[in-house]
Amino acid sequence: MTARRTLAALLLPLPLVLAGCAGTEASESGATSTPERSSDSTSPDSTSTDRGSAETSAPAPSSAATAFEVQVTGGQPTGDTGRVLVPLGNRVTVTITSDAPDEAHLHGYDVLVDLEPGTPAELAFDATVPGVFELELHDAGTVLQTLQVG
Amino acid sequence: MTVLAHGVGSRTDLPIPLGLALYGAGAAILISFAVLLLFWRTPKLGGPESGRPLPPALQRVLDGAPLRRGLQAVALGCLLLVVAAALAGPPETARNLGPWALYVTFWVGLVPVSLLFGPVWRVANPLRLVHRLLRGVVPAAPGARQLPALGLWPAAVSLVVFLWFELVHPDRAEPGTVAGFLIGYAVVQTALALWFGEGWFARGDGFEVYSVLIARLSPWDRRSDGRLVVRNPLVNALNTPEVPGLAAVVVVLLGSTGFDGITRTVWWQTGPGAANDAFSGTVGLLASIALVAGLYLLGTRLSGRLAGQPPGVQPARYAATVIPIALGYTVAHYFSLLMLDGQTTWILLSNPFGMSGVDLFGTYDNVVDLTAVSPDTIAYVQVGAVIAGHVAGVTLAHERALLSARHARASDQLPLVVVMVLFTVGGLGLLFGF
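For the record, the sequence lines run as chains C and Y. If you're matching positions, the first sequence starts at 0 in numbering that gives the first Met the number 0 and goes up one per residue. If you're matching positions, the second sequence starts at 0 in numbering that gives the first Met the number 0 and goes up one per residue.
The following block holds chain Y by itself, in its conformation from the complex:
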């Protein structure tokens, strides 16, 4: 039904004003050099042991099985409802809960929820409950020993698959596509978890890894002794474990959001993407991810070379410093979708199967208020998020460099900072629409 680049949506944002784009780009560049030249010269952020512990009683509740199983059961109920509504609800996208619930409320909503409350989807992942129920009837995970070697690469792959369905699949907005994806995803992920063991979800479930990654910028984290602590989000991000494939996940997220931005430009719609088919979309998505990956590898390896560090370890070492940049651009890109078209989910929830006379919450006849957030507010949120992400990213990279070498020269960090400026200016350019 819809040809909009993102899975669903009735509108896209106006281009940000040129002045705002230029101020944003200027600020990003200025701040980058200020961080390099004026910021602290010895590591300043706390280590993995810092932070204020939560009361033990609260931690017992949060870590307890009843809360986790309860949330997982609720999430499983929601998943079943969305799949059933996608299959049996009204056939037209505009009136079917499935696409709106998956692409807007869940996928975009996961960002603010994880940022505020931590790795929510690790706690509430319904597939963990399904796996728990099934693992009694099948032999113990035969592949558990290979799992650590895979790192986060399986999650990067599973995210690419989802993003392809969301951004490229020709019938991405059709309820049937959404139902098919959700069923397929659940079956494949559960089967892989039965093979590799429960640890699979933390490495191979793209949604869970996404939630955990965003939660690195939440105020909640776990100390190495297992205590839950409240601390500066930058400290959490800095202490992200260096797992193989972490950089791949971050690059996939940044590259795919960039691709979604590219598809909204007149240049794409009248040029490379004019055919609006699966081929141009697939090539565009992969090329965007490859471009981000190439720049990132170049920046980190070059910085490592200047600093006399082994270049091979650099991409994984700095991956966490790109999380805020990816997050800032994601907020800029999807804020209005969640606030405006996101209303559709709550309207349709009142009657998920489109039966006459059903109106559970009395909201079914409501119309989405597309003026709920003004274009000015959207533009300021967009530029603000991109710049805030950039500042956090450059700051983290600076601290990371100081941790790697006590007296790291500012010039050594320059290539990575230049790449970060490129990401930010590129992101602002896409919001401006070039």
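So here's chain C without its partners, still in its complex pose:
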């Protein structure tokens, strides 16, 4: 009986500790909802061919721009690699310099750019679709960076 009580007493504060671990920063603005865009999600095959039109109502400061640079040497990417943050609506330019011929592909947005050895190539797009997207080398399969748009 006492062993049982001790055990219960030991376990009881555990969830509280866990809740504390989850984070102590002030809650982010994400909880305050932005006006929803096209939420017509009832039929999965309702597809729109024009992504841009859905975005016109979004508060997109189109003047803002974000630039990244990535170098690839011997298959290893350096520069702005890993997870990079992009505010929604920004004009994004990624300058990629590779020492081998390849093709860079931004998933989701499906933007492609050819890479010539030694020549910087620019991949540019408007970050109008929120989400997390990978920029990878098509042939080598290497992830150059992961863009978090939102």
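Honestly, the hints are just simulated from the structure, not real lab data. Virtual Cβ for every residue (Gly too), placed ideally from N, Cα, C. Please note: incorrect hints may appear among the correct ones.
Stated by the list, open to error - Not everything, but these chain Y residues come out facing chain C in the computed CB check (under 7 Å): (1) 10; (2) 11; (3) 265.
Claimed, not checked - Which chain Y residues stay away from chain C? Per the calculated CB distances, all over 12 Å, these: (4) 141; (5) 234; (6) 279; (7) 296.
Go by the hints and put chain Y onto chain C.
Just chain Y now, with coordinates in the frame of chain C:
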């Protein structure tokens, strides 16, 4: 082509806002203690005999051979089409029907369909039709008598194999891999069914067992006298038969979804999984399943010990109470994949073999609308599903404890509830991205 953790996909979700994650975790903990301390003190949910029976005429149609064989034939046609498209369609993943149909539309779509309509894949399983056609030409199942002893363990194994192909195989998104998996799966499952008899599918076909497991939370069930009934999904879940290996299946599902979540974190991508190869993936997948299994065994056995119950029976007894937690996390994890990248299947279906000039439904030139569901909606669905699953799980565990011992003390249930809180907070943490 793609290096995303899940089989295919062009995007992953934004991390849920920290505030939402914290509110969710707080709610999970608060509700857990409310259930323990304030909920009913005697069993309240109905037993296996409860529920409103369906009209006999409707049951005759639903249980009838024409409907089952018909659905199985349709499913077999779809399977053959997907395999043929994977083999003979466009070689690049983005334009090949196979990976999208298997990993997104079928595997993820099975969840909402089973939740709404019951164990659909048991009725429509195309391999049952193949087995039926073949069993006339081979001797009667020699291994039928060993089958009951195996429980659901074969299904757990077959699910691990599929999940390895989906989450770990280096070429998981390649159409050739999908075709190879589907052909291999069909051949092995049919051969095993010929050996063990038709009962094999209910115990060894991972997809069928998955569909049946989710259907435990649908409003449809079968009374012990065979009548189909409509009743509270919680009653269905509570009356899940205690089969050996049930806990293993639930643990595999929760652990593998957790692994998929882990692989999306920066921590994994720059740390243990940086190599992005089969070895790190295999170890990660097995470690995630082992972690969930360890916590689950610890929680159930400890609870059983406090309540003075034999600890050996506890893991199987409480396995069904974890189904809603696994389901909630699965919904949270794959909702956006089905709604957004799932559109690809319907676009490619218009021209499965990529032939020029073919556009059966006029949708082949459509582009996936990645803004069809807003990030806010996705985040609310994610947290809502995780919390709803947690509430259902804790409620079921409470009722289960009261059924095992009439005056079970609230403190006896604490270890299992703490483990469930760990699963939920861990799941929210993965959605937040730590």
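Verification of the supplied hints:
Taken as an interface hint, residue 10/Y checks out: its beta carbon lies about 4 Å from the nearest beta carbon of chain C, inside 7 Å. Interface hint status for residue 11/Y: upheld, as the beta-carbon distance to the closest one in chain C is roughly 4 Å, under 7 Å. Nearest Cβ of chain C to the Cβ of residue 265/Y: about 5 Å, under the 7 Å cut. The hint holds. The beta carbon of residue 141/Y sits about 45 Å from the closest Cβ of chain C, which is more than 12 Å, so the claim that it is off the interface holds.
No beta-carbon of chain C comes within 12 Å of the beta-carbon of residue 234/Y; the shortest separation is about 28 Å. Residue-level check passed: residue 279/Y sits 15 Å from the nearest beta carbon of chain C, beyond 12 Å. Distance to chain C confirms residue 296/Y as a non-interface residue, since its nearest Cβ pair spans about 16 Å, more than 12 Å.
Of the numbered hints listed earlier, not one is contradicted by the structure.
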